[in-house]
Amino acid sequence: AQKVTQAQTEISVVEKEDVTLDCVYETRDTTYYLFWYKQPPSGELVFLIRRNSFDEQNEISGRYSWNFQKSTSSFNFTITASQVVDSAVYFCALSEEWNTGKLIFGQGTTLQVKP
Amino acid sequence: EAEVAQSPRYKITEKSQAVAFWCDPISGHATLYWYRQILGQGPELLVQFQDESVVDDSQLPKDRFSAERLKGVDSTLKIQPAELGDSAMYLCASSFLGDTQYFGPGTRLTVL
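Keeping their order, the protein sequence lines are chains A and B.
For the first sequence, my numbering begins at 826 and goes up steadily by one.
For the second sequence, my numbering begins at 887 and goes up steadily by one.
Because the hints were derived from the structure by calculation, they are not lab data.
Keep in mind that a hint or two might mislead.
Only some residues are given here: those of chain A computed to face chain B with a beta carbon under 8 angstroms [claimed, not checked]:
id, residue
1, R853
2, E869
3, F872
4, R876
5, F930
For lysine-lysine, the following DSSO-like pairs were computed, each having C-alpha atoms within a straight-line distance of at most 27 angstroms [said to hold, decoys possible]:
id, chain 1, residue 1, chain 2, residue 2
6, A, K939, A, K828
7, B, K897, A, K863
8, A, K895, A, K828
9, B, K948, A, K828
10, B, K897, B, K948
11, B, K948, B, K901
From the three backbone atoms N, C-alpha and C, an ideal C-beta is built for every residue, glycine too.
Work the whole structure out from these sequences, hints included.
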C-alpha cells in the first residue's frame, strides 16, 4: 500500500538558518510522482515541485532544493537561508497512477522561522 | 494567473443542517478533485471527476455526502445532514489530464 511519512511534526529555526524537511514514501509501483506543497496560514495549498520516479536528479530553485533518493525512498526538501515568510505547513505527497492522479499526503511538517 | 475558485471561504452550520460548497477549476482542466483536511492532518481525497464522470469516490461517505459536476466544469459538494465530525477544511483541486494538481483556497467548515 502507498504511504507517505513526514516524521518531523514541528521544526523551529531562526531566520537565515538552513532547514531540511524529511519525507519517506512507500509504494509498490515503479512509476510514481512525488510532490511538495506549502500551506500558509491562509489555508491554500501551494504547489512547489513535482518529480517522477525515473528522474533522480536533485533540483534547485532559488533557496529551495530537493533531494530524491530511490534507494532510501526519500524525497527531502531543504530551505537555505530561511526567512520568516517560509513559515507554513509543508506537505509531501505521492501519486501512483498517472491516469487518476490521486495524491497521498503525509501528515505535514509545521515550520516556524523566527526573526 | 489562472486559479481554482471556491466558495464560500468559511461556513458555520449547526449539526443536521445541509451545506454545499462550490468549486470552479482552472479553465481547461478536465480533472477535478475534492479533498477533506482535518486539522493537523494531510488532505484526503473524497471524490475525483474526469469531466462529468466520477473516477474515484471510494472515500466519500455516501450516506450523507454527494458531489456533482453536471457540465464537466464547476462542481458542488453537499453534506446532508452535517455532523460534528465533518468540521474540516474542504479543498478543491484541478489538473490537466492528471498532471500536477492546483488547489483552491478551500472552505473551512465548522459544525456546531
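Here's how the hints hold up against the structure:
no. : hint               : result
1   : R853               : violated, 18 angstroms
2   : E869               : holds, 5 angstroms
3   : F872               : holds, 6 angstroms
4   : R876               : violated, 11 angstroms
5   : F930               : holds, 3 angstroms
6   : K939(A) to K828(A) : violated, 31 angstroms
7   : K897(B) to K863(A) : holds, 23 angstroms
8   : K895(A) to K828(A) : holds, 15 angstroms
9   : K948(B) to K828(A) : holds, 25 angstroms
10  : K897(B) to K948(B) : holds, 21 angstroms
11  : K948(B) to K901(B) : holds, 17 angstroms
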